[in-house]
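Colleague: Now for the letters of each chain:
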Amino acid sequence: MEDILNMTALELGSAIKRGEISSPEAVARVFDAIETKDKAINAYITLNRDQALERAAVVQQKIERDELTSPLAGVPVAIKDNICTKGIKTTCASKILGDFTPPYSATVTQKLETAGMVICGKLNMDEFAMGSTNETSYYGPVKNPFDTSRVSGGSSGGAAAAVAAREAVCALGSDTGGSIRQPASYCGVTGLKPTYGAVSRYGLIAYASSLDQIGPVARDVADCAAILGIICGHDPADSTSLDISHPDYTAVLDGGVRGMKIGLPRECFEAGLDSDVADRVRAAADTLRGAGAVVEEVSLPLLDYVVPTYCIIASAEASSNLSCFDGIKYGMRSRNYDGLTDLYNATRSEGFGDEVKKRILLGTFVLSSGYYDAYYRRALQVKALIKNHFDAIFEKYDLIVCPTSPTTAPRLGESLSDPLKMYLSDIFTASANIAGLPGLSVPCGFDRVGLPVGMQIIGQRLGEVKVLSAGYAYQQLTSYHKTAPGGDLR
Amino acid sequence: MRTAKEIVEYVAELSRIKLDEDETEKMIKELGEVIEYMDILQGLDTEGVEPMSHVFPITNVMREDEVTPSFEREDILRNAPERTDETLVVPKTIE
Chain U
1 MEDILNMTAL ELGSAIKRGE ISSPEAVARV FDAIETKDKA INAYITLNRD
51 QALERAAVVQ QKIERDELTS PLAGVPVAIK DNICTKGIKT TCASKILGDF
101 TPPYSATVTQ KLETAGMVIC GKLNMDEFAM GSTNETSYYG PVKNPFDTSR
151 VSGGSSGGAA AAVAAREAVC ALGSDTGGSI RQPASYCGVT GLKPTYGAVS
201 RYGLIAYASS LDQIGPVARD VADCAAILGI ICGHDPADST SLDISHPDYT
251 AVLDGGVRGM KIGLPRECFE AGLDSDVADR VRAAADTLRG AGAVVEEVSL
301 PLLDYVVPTY CIIASAEASS NLSCFDGIKY GMRSRNYDGL TDLYNATRSE
351 GFGDEVKKRI LLGTFVLSSG YYDAYYRRAL QVKALIKNHF DAIFEKYDLI
401 VCPTSPTTAP RLGESLSDPL KMYLSDIFTA SANIAGLPGL SVPCGFDRVG
451 LPVGMQIIGQ RLGEVKVLSA GYAYQQLTSY HKTAPGGDLR
Chain E
1 MRTAKEIVEY VAELSRIKLD EDETEKMIKE LGEVIEYMDI LQGLDTEGVE
51 PMSHVFPITN VMREDEVTPS FEREDILRNA PERTDETLVV PKTIE
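Chain order of the listed sequences is U and E. The first sequence begins at 1 in the working numbering and counts up by one. The second sequence begins at 1 in the working numbering and counts up by one.
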């Protein structure tokens, strides 16, 4: 049998169902891989070995008794460390939550467990998901499995790198401005940010509540669809989760792209785009054209306003969301303080890293009296303009295709010296968060030094079926998503 | 008009974050760059555009006021940085 670490989650799930391998064996195999590989990658913050093996044994019995019918029952999964897991430490890659063990599980965590998936560990990330390179983690950067002198991308860097390095079969990440799609692109794996509200955020430690969305990071589009099918749906505990019925995402994947109208935004291919990235994404668009899609140039005139709008909205919400970390109810408390106010000051100053402090200050600034109208209110107006513009495009087109990020993975350290450049790595992804759209990143080739390039497919709100179908059709015609680090890059 | 230093010190105080001299200087520089970059939005005509916080309409969710079990006290206190058997401990707040 093929090494299970090279299998997709769905392949592994059916091998378990057929009795070719047991869930405890699969889980043990994942921990072996973590042991050999993770020193070099640093994708995990917390491992859940004993609990996972115990859980897998229980799940295995239920599978054998036909009590678990999900196609992913018994499959190991890893979870980004800002998603609460009852009884397993959840740190947000921050010193301030270093000892936090949630007394409850996020809705997505419960849903994975109900389906019979086995949680192996918690994945490294940028601190509080603030960063695009995974270098702001208190637990050290995640290295790119294709070149360990490069970043994994972020903020779900641990998720993308673990899946790419074959030390996780699949994972959950979260995406506020590109945090699933951009690292998926840098690490050569597939990642989906669902429509805002498609997945419950209950138990996701909030960064920017109006933009955050949980989604899958996996080997291919079919796995992403299967995981989305498990985690989606309305949740009374998250009033922004949509009360709608979701289709069976796995069953509707093979619709193909014949006759679909795809817009290729010309502004995405202008200045600042790496030429290899441009070439690969254009070639990928040609592949979709060859499969019967109608690909035409469209315009995104507001592209230059996307990152500033994102920065303002995200930092404003963060400054409010992160006020709960005060050293009183949970998390660390400074030892050196004089009175209550100073306890807050000292705890937050010692507990948060530089990037988090910067975004809290920025958010407090844009919300402060005298600046609110010029920054925060204006950003919400531009958000409306951006949303309306996408709505107009989606009246004529089914999908938008563009690069996931303007470059491939930068070297470690490069972005910290140029924060604006790091923010700009989200320029093609953040608009999907601002407008609430689903966005998928699929591997579409390699640059001149062998680093993965990602193509992003964006759809209208709740247009997951079209987005996933196009990605699935592309992966039927290509094999970039199957290339492991160190493999044949042709 | 307040200076950049005064603004940074003011928002740091509002944010309950203490910055030393070096950190203040660094924040003045880095926040200044980001804010200058965000100023590109000032050039866009947003006259008459209604600010939008959520892409889907959000309404208040009402529910019956029913008593349901909550967390066990011990499960919540387990994460507290300082506690007694039954409650959180905080510094004296009223003299």
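If you are wondering where the hints come from, they were derived from the structure by calculation, not from laboratory data. Some hints could be false.
Just some of the chain E residues that point at chain U, by a computed CB distance under 10 Å [as the list claims (entries may be wrong)]:
| hint | residue |
| --- | --- |
| 1 | Thr3 |
| 2 | Lys5 |
| 3 | Glu13 |
| 4 | Met27 |
| 5 | Leu31 |
| 6 | Val34 |
| 7 | Val55 |
| 8 | Thr59 |
| 9 | Val67 |
Simulated DEER-style distance windows between Cβ atoms [as the list claims (entries may be wrong)]:
| hint | chain 1 | residue 1 | chain 2 | residue 2 | range |
| --- | --- | --- | --- | --- | --- |
| 10 | E | Glu74 | U | Ser479 | 46 to 56 Å |
| 11 | U | Glu20 | E | Glu74 | 24 to 34 Å |
| 12 | U | Asp304 | E | Tyr10 | 22 to 32 Å |
| 13 | E | Pro57 | U | Tyr371 | 21 to 31 Å |
| 14 | E | Arg2 | U | Ser323 | 17 to 27 Å |
| 15 | U | Glu67 | E | Thr93 | 52 to 62 Å |
| 16 | U | Asp147 | E | Lys92 | 46 to 56 Å |
| 17 | U | Leu420 | E | Glu25 | 31 to 41 Å |
Quick reminder that beta carbons are idealized off the backbone N, C-alpha and C, glycines included.
Colleague: Please go over all the hints and tell whether each is borne out by the structure.
Modeller: Hint check results:
no.: 1; hint: Thr3; in the structure: violated (14 Å)
no.: 2; hint: Lys5; in the structure: violated (13 Å)
no.: 3; hint: Glu13; in the structure: holds (9 Å)
no.: 4; hint: Met27; in the structure: holds (6 Å)
no.: 5; hint: Leu31; in the structure: holds (6 Å)
no.: 6; hint: Val34; in the structure: holds (6 Å)
no.: 7; hint: Val55; in the structure: holds (4 Å)
no.: 8; hint: Thr59; in the structure: holds (8 Å)
no.: 9; hint: Val67; in the structure: violated (16 Å)
no.: 10; hint: Glu74(E) with Ser479(U): 46 to 56 Å; in the structure: holds (53 Å)
no.: 11; hint: Glu20(U) with Glu74(E): 24 to 34 Å; in the structure: violated (44 Å)
no.: 12; hint: Asp304(U) with Tyr10(E): 22 to 32 Å; in the structure: holds (30 Å)
no.: 13; hint: Pro57(E) with Tyr371(U): 21 to 31 Å; in the structure: holds (28 Å)
no.: 14; hint: Arg2(E) with Ser323(U): 17 to 27 Å; in the structure: holds (23 Å)
no.: 15; hint: Glu67(U) with Thr93(E): 52 to 62 Å; in the structure: holds (53 Å)
no.: 16; hint: Asp147(U) with Lys92(E): 46 to 56 Å; in the structure: holds (55 Å)
no.: 17; hint: Leu420(U) with Glu25(E): 31 to 41 Å; in the structure: violated (18 Å)
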